[in-house]
Amino acid sequence: TVHDPLPHSSEDTWINRFHRYVCFRLLDRFILLNEIQKELFIKTYSMQRKRVSLSRLSVYTSLRNVKPKNTDLGNYVLFFGGISSHKGVEYLCGAMDEVCKKHPNVKLVVAGKGNIYFSIDKYAIYNNGNLVLLNRYIEDCELVGLIRNALFVVCPYIDATQSGVVMSAFALNKPVVATNVGALPTMVKDGQYGMIVPSKDAQALALAINTLIEYPQKVEAMMTNIERDYSDGEYSWNVIAQGMIDIYKEELLL
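Taken in order, the sequence shown gives residues -7 to 246; the numbers are from our numbering.
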């Protein structure tokens, strides 16, 4: 099962590409977790089409069993996960500078380990105290508390495949504002489970964030949609598991 059919831009090194070309030639069958990148995966690694099957991610249900750590940070939107250059955090900081002009009581929480690869000092949210930077590994108990208490989650990625961050947020029925990269639009579905905006566009990101802050009823409707479709509906693990069983049965019969 290949989580990233192609390396992220921040991980696209010659050694990573070499490992992939060598390892992929030793395997008989691949399962990708999104359809968007199937054709490019087949072309890049010269695959026979019959060697590639499709499945998908669902919500990380284990997070529902974690006792949350209390987080008292007020009103905030949340970015979480490893920090690297393909995550587009600088565009989110630029967007939040605009958001805080209209909503000065709303903070941005950035929670995750990694190098801050851009100059953060130039953003007003950093200097005005509207940015809470938790630049360290986040334990599950703290993560669950952060997600539960957030207004919503933001994924301002420059490139992506499918996202475990989105599935973590959806496990707690929290909507996501995400960029139009990789399979994120098929996971978030603009207007249904969150909002989709162009990548590298701080203004569009600010507009989407402002919309969800100003119309909490939209957030409530999205939360209802997530719980319905990802817990028991077509995106649930029960449906996905049956599809995986079918793939393995097919392989065993070859």
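Hints may be right or wrong, so weigh each one.
[Stated by the list, open to error] Pairwise CB distance ranges, derived in the manner of DEER restraints: (1) Gln40 to Gly156: 24 to 32 Å; (2) Gln40 to Phe10: 19 to 27 Å; (3) Ile7 to Glu27: 43 to 51 Å.
Worth flagging that the hints you see were computed from the coordinates, not collected in a lab.
Please read these numbers as outputs of a predicted model, since none were measured by experiment.
We put the beta carbon where it would ideally sit given N, CA and C, even for glycine.
Against the structure, the hints:
1. Gln40 to Gly156: 24 to 32 Å: At 29 Å between Cβs, range holds.
2. Gln40 to Phe10: 19 to 27 Å: Distance hint for Gln40, Phe10 holds at roughly 22 Å.
3. Ile7 to Glu27: 43 to 51 Å: 29 Å, violated
Consistency note: the structure conflicts with earlier hint 3 alone.
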